[in-house]
Amino acid sequence: MSHTGGGSSPSLPCGACTSLRRKCTAECVFAPYFPADEALKVAYVQRNFEPSNVTKIMHDLPESSRADEVTSLAFEAEARMKDLAVSLTQRRIVELQGEIAELMEQVKYFEEKKRMRLTQGPSVTRVASRCLRVKRNPEFTHEGTVIRVLLNRWVLLECTYLTLLVRGSTGGAQLEKT
Numbered sequence: 001m002s003h004t005g006g007g008s009s010p011s012l013p014c015g016a017c018t019s020l021r022r023k024c025t026a027e028c029v030f031a032p033y034f035p036a037d038e039a040l041k042v043a044y045v046q047r048n049f050e051p052s053n054v055t056k057i058m059h060d061l062p063e064s065s066r067a068d069e070v071t072s073l074a075f076e077a078e079a080r081m082k083d084l085a086v087s088l089t090q091r092r093i094v095e096l097q098g099e100i101a102e103l104m105e106q107v108k109y110f111e112e113k114k115r116m117r118l119t120q121g122p123s124v125t126r127v128a129s130r131c132l133r134v135k136r137n138p139e140f141t142h143e144g145t146v147i148r149v150l151l152n153r154w155v156l157l158e159c160t161y162l163t164l165l166v167r168g169s170t171g172g173a174q175l176e177k178t
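1 is the number of the first residue of the sequence shown in the UniProt record's numbering; add one for each residue after it.
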């Protein structure tokens, strides 16, 4: 009997022996059922069933039943792998839905905070005093360093924003110059 190892070449080991990294012999029970070109089938079976148990099953069965048994093992192993993938995916979906719910709560919180700030609005005197304090402070207006220049620009932009915000909340009232 010439052993082909499930492939077209006598030197090519079967898929099971290749995966188990062992020499494929002429008496290999896996060779007719796990050809070298069916690596996925071998991987599914080996991942879900202990190779020594599969070997024992194959030796205990008559040769006429082995093909059906391997087909059954491969089908069950593939179903288990797909179920695992589905369950892992489902768990990740549930985790992401939880994260989305948390983020939506944060969005609601910040929208409520923004709404409260807009309805109360900053007082004209508070905005004016803050802007005047910034303009009088030499630390904010000194342009000797990049940090101070950037800070100065940021504060002036903030003052402009607050001024516009106050004008909008007071119906277009102007800030008094002091």
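Quick caveat, the hints were computed from the structure, so don't treat them as lab data. Hints may be right or wrong, so weigh each one.
Distance windows between CB atoms, simulated [said to hold, decoys possible]:
id: 1; residue 1: L88; residue 2: T25; range: 36 to 46 Å
id: 2; residue 1: D83; residue 2: E105; range: 25 to 35 Å
id: 3; residue 1: T25; residue 2: S64; range: 49 to 59 Å
id: 4; residue 1: E76; residue 2: Y109; range: 17 to 27 Å
id: 5; residue 1: R80; residue 2: D37; range: 34 to 44 Å
id: 6; residue 1: D68; residue 2: Q97; range: 36 to 46 Å
id: 7; residue 1: I100; residue 2: A26; range: 52 to 62 Å
id: 8; residue 1: K108; residue 2: R21; range: 51 to 61 Å
id: 9; residue 1: E95; residue 2: I57; range: 32 to 42 Å
id: 10; residue 1: Y109; residue 2: P51; range: 52 to 62 Å
id: 11; residue 1: E111; residue 2: P51; range: 37 to 47 Å
id: 12; residue 1: R47; residue 2: E102; range: 32 to 42 Å
Fair warning: this is a prediction, and the values are worked out from it, not measured in the lab. All C-beta atoms in this analysis are idealised placements derived from N, C-alpha and C, irrespective of residue type, glycine included.
We went through each hint and held it up to the structure:
{"no.": "1", "hint": "L88 with T25: 36 to 46 Å", "verdict": "holds, 38 Å"}
{"no.": "2", "hint": "D83 with E105: 25 to 35 Å", "verdict": "holds, 33 Å"}
{"no.": "3", "hint": "T25 with S64: 49 to 59 Å", "verdict": "violated, 22 Å"}
{"no.": "4", "hint": "E76 with Y109: 17 to 27 Å", "verdict": "violated, 50 Å"}
{"no.": "5", "hint": "R80 with D37: 34 to 44 Å", "verdict": "violated, 23 Å"}
{"no.": "6", "hint": "D68 with Q97: 36 to 46 Å", "verdict": "holds, 43 Å"}
{"no.": "7", "hint": "I100 with A26: 52 to 62 Å", "verdict": "holds, 59 Å"}
{"no.": "8", "hint": "K108 with R21: 51 to 61 Å", "verdict": "holds, 57 Å"}
{"no.": "9", "hint": "E95 with I57: 32 to 42 Å", "verdict": "holds, 38 Å"}
{"no.": "10", "hint": "Y109 with P51: 52 to 62 Å", "verdict": "holds, 55 Å"}
{"no.": "11", "hint": "E111 with P51: 37 to 47 Å", "verdict": "violated, 58 Å"}
{"no.": "12", "hint": "R47 with E102: 32 to 42 Å", "verdict": "holds, 35 Å"}
Hints 3, 4, 5 and 11 from the list above are not met by this structure, while the remaining hints are.
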